Amino acid sequence: MRALKRGFRNFRRHPVRNLVVILLLFVCLTFSLSMLAVKLASDSEIQQVKESVGNYGEIKISSDYQMQVFEAERSQSESQRTAQARTMTTEQELAQRAQFLVSESTTDSFSQQPEVMTYDKVLEARISVDDLTNTEVQSLLSMQQRGGGTGPEALSSNSFQFEGNTNGASVSDFMVGSKQLVEGSFYTYQDYVKANPVVLIEKNQAETNDLSVGDSITALISGKSGRDAEVELKIIGIYETVQAEQSQQGQGETFNPAGNRLYAPLSVVQQLNATPGYVQLGSYYFDSEDSVASMQQVFDNELADGDKLQFATDSSSFETISDPLTKVGKTSMIGLAGALGACALIILLAMAIIIGGRTRELGVLKAIGATNRQVMAQYAVEVICICLVAIILAMGVSALISQKMGNWLMSGNTATASQSTTVSGTQQGQMPQMGPGATNSQLYKEGSGFSSSSQAALKLNVVYKGKLFLYGILILLFIGLLGMAVPVIWITRLKPARVLSIE
Amino acid sequence: MQDLLEVRDVSKTFKAKAGNVAAVDKVSLQARKGEVTVIIGPSGSGKTTLLYIIGSLESPDSGEINVFGEDVAGSEIDLINYRRQRIGFVFQFFNLITALTSLENVTLPMDLASVSPTEQRDRAVRLLERMGIDGRLQKARANKMSGGEKQRVAIARALANNPDIILADEPTGNLDSATGKLVVDILVRLAREDGKCVIIVTHDESILDAADWAYHMQDGKLEGIEAGA
Numbered sequence: 001m002r003a004l005k006r007g008f009r010n011f012r013r014h015p016v017r018n019l020v021v022i023l024l025l026f027v028c029l030t031f032s033l034s035m036l037a038v039k040l041a042s043d044s045e046i047q048q049v050k051e052s053v054g055n056y057g058e059i060k061i062s063s064d065y066q067m068q069v070f071e072a073e074r075s076q077s078e079s080q081r082t083a084q085a086r087t088m089t090t091e092q093e094l095a096q097r098a099q100f101l102v103s104e105s106t107t108d109s110f111s112q113q114p115e116v117m118t119y120d121k122v123l124e125a126r127i128s129v130d131d132l133t134n135t136e137v138q139s140l141l142s143m144q145q146r147g148g149g150t151g152p153e154a155l156s157s158n159s160f161q162f163e164g165n166t167n168g169a170s171v172s173d174f175m176v177g178s179k180q181l182v183e184g185s186f187y188t189y190q191d192y193v194k195a196n197p198v199v200l201i202e203k204n205q206a207e208t209n210d211l212s213v214g215d216s217i218t219a220l221i222s223g224k225s226g227r228d229a230e231v232e233l234k235i236i237g238i239y240e241t242v243q244a245e246q247s248q249q250g251q252g253e254t255f256n257p258a259g260n261r262l263y264a265p266l267s268v269v270q271q272l273n274a275t276p277g278y279v280q281l282g283s284y285y286f287d288s289e290d291s292v293a294s295m296q297q298v299f300d301n302e303l304a305d306g307d308k309l310q311f312a313t314d315s316s317s318f319e320t321i322s323d324p325l326t327k328v329g330k331t332s333m334i335g336l337a338g339a340l341g342a343c344a345l346i347i348l349l350a351m352a353i354i355i356g357g358r359t360r361e362l363g364v365l366k367a368i369g370a371t372n373r374q375v376m377a378q379y380a381v382e383v384i385c386i387c388l389v390a391i392i393l394a395m396g397v398s399a400l401i402s403q404k405m406g407n408w409l410m411s412g413n414t415a416t417a418s419q420s421t422t423v424s425g426t427q428q429g430q431m432p433q434m435g436p437g438a439t440n441s442q443l444y445k446e447g448s449g450f451s452s453s454s455q456a457a458l459k460l461n462v463v464y465k466g467k468l469f470l471y472g473i474l475i476l477l478f479i480g481l482l483g484m485a486v487p488v489i490w491i492t493r494l495k496p497a498r499v500l501s502i503e
Numbered sequence: 504m505q506d507l508l509e510v511r512d513v514s515k516t517f518k519a520k521a522g523n524v525a526a527v528d529k530v531s532l533q534a535r536k537g538e539v540t541v542i543i544g545p546s547g548s549g550k551t552t553l554l555y556i557i558g559s560l561e562s563p564d565s566g567e568i569n570v571f572g573e574d575v576a577g578s579e580i581d582l583i584n585y586r587r588q589r590i591g592f593v594f595q596f597f598n599l600i601t602a603l604t605s606l607e608n609v610t611l612p613m614d615l616a617s618v619s620p621t622e623q624r625d626r627a628v629r630l631l632e633r634m635g636i637d638g639r640l641q642k643a644r645a646n647k648m649s650g651g652e653k654q655r656v657a658i659a660r661a662l663a664n665n666p667d668i669i670l671a672d673e674p675t676g677n678l679d680s681a682t683g684k685l686v687v688d689i690l691v692r693l694a695r696e697d698g699k700c701v702i703i704v705t706h707d708e709s710i711l712d713a714a715d716w717a718y719h720m721q722d723g724k725l726e727g728i729e730a731g732a
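As given, the protein sequences belong to chains R and B, one line each in that order. Here the first sequence is numbered in the working numbering, starting from 1 and rising by one per residue. Here the second sequence is numbered in the working numbering, starting from 504 and rising by one per residue.
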């Protein structure tokens, strides 16, 4: 206590000298703490990104396999194909329809991996609905007819895109927020299990066809005709499209869908598509981004089936998003190390100068009966006071400037990341298509061609947290102890008789 | 008079480029309470080294220092206690801590010896007043004072823990003759009135007049000479 008082008294008695040291330390500590705050923020941001990006994977038919099948079919003549179709058994017909689909048993078996946190199955199919008009396709077809062309055989003004999964609320478009339910309710997992014939319809479509929740529409099972082919679907919910669809050509938003997409339980869509037991993809969220590599290994070893299936992940999205944050984290660590080094140098030099100028005082203290511990404690208080004032000031100022420093560091790295995203986006494809099969590199989790919210993660939110104060105290202790090293060495080696004899 | 301090066959050698130098060579002396002992000699004769050995700031290569018949050599703690309780130093260059006031300089040894703050202040004020340092000067920083004032504050500091022995190293060396005489008078008074054992090392022969016992030191060797008192 007495040493504390003596140390504090000495600290007050040398204001100019202390102010110079405090100012120098303050500058370096402000920079250190700002860099530390940026580092903590970037780490926290990466962790948040990890929770939403990078831990997703899906199993679907590979594009290479699709190309091989197309090539094989193209090598056959029309008559050969017709003859082959005539002689097909029921099983062969199913296999033909499901040639670009994945067996549910495959996707189910993969879901047994302990790393899998959530699992969904998706099937998308074009289905005819007699009592519903697809205005978008109708106008497209009439334009082509006026121009003397013919529309694709599969398309008609009653043709709709059905998307089925195990739970309506888990549909990616609803998850990413590009679509939202405005009336009624989602179909549930029980609807999927029991194959309840229910459906979600788009708001514009419902208004055009004067439909509301509770009404029914009649869909036709693919490849069948007559009364047996009809399935009555009850409308249980109406959704609206919130977000404009994005062009993959980088030209910004292009058009809003005219409501040609309906959502129904997977089992219902399988029935309508006449492909029971087959899905377009299995969709999985893993416990962590770190599990993706081992999941890839399991897939390669057990499920790949040559090159028929592919395991697509969003790890490249994770890398794209986290790369600027990682770079900012690294830069801030270098800055932090440099600034702390400067702090260490300043305190060592300052204490060497201070102690050097007070050698006689040390000698006197020893001559009048001070123990080494008493002298050290007194100087420790002086060092701690200097460091404490500097770090308190630095914490205050760095709280004000950390966000700006973070933004400045991010701005350089984000520009690079945006460039690389644009380049890869242009390479992905030319047509703004929708749905899980739109482009093979498009992931189901990203929604049906709507703008991804992933860029939002590039913001760096530098918040002063308790952790930073803890690190601040550690830095204070580090500098304080380092500063103490000089007096400790000096005091233990000092010979008062030599010092006191000097004129 | 009772022998307080006995120095017996003390030697101290320093290493130098030219070879070993015997700063103190088998020196013996006795000093008593209430008496002034003066050691006179030219610069480099070893008198300051002898004083520091007596004050335990230097350790002797050989020999003994006894105070009241007890050898002062011991552990570091023993030596610190010896410096706190038995010894008061007065230096040629005053060696006050310039950042502190004269009052704080005097309370400092008491603070180190864990004397209560109230007693520290009372005792320091009494000592400074006795040395002719009044209230205004008590609050002045040491670097704002004259040489004589500084030396009087230094004597007050030396007396802070009421030691038995006052060791004065060239106490008049940095003062004019009138102020120097005043300081010597104070030291003599401390011996006569307070019963302190005062040992002064100096090259100023005029101080011999105040000495009860005088020694001449040359090349580390000590020999008794006639004292003025």
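Be aware that one or more of the hints could be misleading.
Listed next, the in silico SDA-like pairs over lysine to any residue satisfying Cα-Cα at most 25 Å (straight line) [to be verified]:
1) Lys495/R x Phe517/B
2) Lys5/R x Lys518/B
3) Lys518/B x Ala344/R
4) Lys5/R x Val618/B
5) Lys518/B x Ala497/R
6) Lys194/R x Asn584/B
7) Lys459/R x Ala344/R
8) Lys5/R x Phe517/B
9) Lys308/R x Ala497/R
10) Lys467/R x Ala344/R
11) Lys495/R x Asp625/B
12) Lys642/B x Lys495/R
13) Lys459/R x Lys308/R
Since the hints were derived computationally from the structure, they do not count as laboratory data. Computed from a predicted model, the values in this text were never measured in an experiment.
Going down the list of hints, with the structure as the test:
1. At roughly 14 Å between alpha-carbon atoms, lysine 495/R and phenylalanine 517/B fall within 25 Å of each other, so this suggested pair holds.
2. About 41 Å separates the Cα atoms of lysine 5/R and lysine 518/B, which puts this hinted pair outside 25 Å; it is violated.
3. Between lysine 518/B and alanine 344/R, the direct Cα distance comes to roughly 37 Å. Violation of the 25 Å bound is thereby established for this hinted pair.
4. This hinted pair checks out: lysine 5/R and valine 618/B have alpha carbons roughly 14 Å apart, not beyond 25 Å.
5. With a CA separation close to 15 Å, the supplied pair lysine 518/B and alanine 497/R stays within the 25 Å bound.
6. Distance restraint check for lysine 194/R and asparagine 584/B: the Cα-Cα separation of roughly 94 Å exceeds the 25 Å cut-off, and the hinted pair is therefore not satisfied.
7. Proposed proximity of lysine 459/R and alanine 344/R is contradicted: the alpha carbons are some 33 Å apart, above 25 Å.
8. For the proposed pair lysine 5/R and phenylalanine 517/B, the alpha carbon gap of about 39 Å is over 25 Å, so the pair is violated.
9. In summary, the hint linking lysine 308/R to alanine 497/R is not supported, as the alpha carbons are separated by about 89 Å, beyond the 25 Å threshold.
10. Simply put, lysine 467/R and alanine 344/R have alpha-carbon atoms about 22 Å apart, close enough for the 25 Å limit, and the pair holds.
11. For the suggested pair lysine 495/R and aspartate 625/B, the alpha carbons sit about 32 Å apart, so the restraint of at most 25 Å is broken.
12. For the hint linking lysine 642/B to lysine 495/R, the alpha-carbon distance of about 31 Å lies beyond 25 Å, and the restraint is violated.
13. A hinted pair counts as satisfied when its Cα atoms are at most 25 Å apart, and lysine 459/R with lysine 308/R does not qualify at roughly 39 Å.
Checked against the numbered hints listed earlier, the structure breaks hints 2, 3, 6, 7, 8, 9, 11, 12, 13; every other hint is satisfied.
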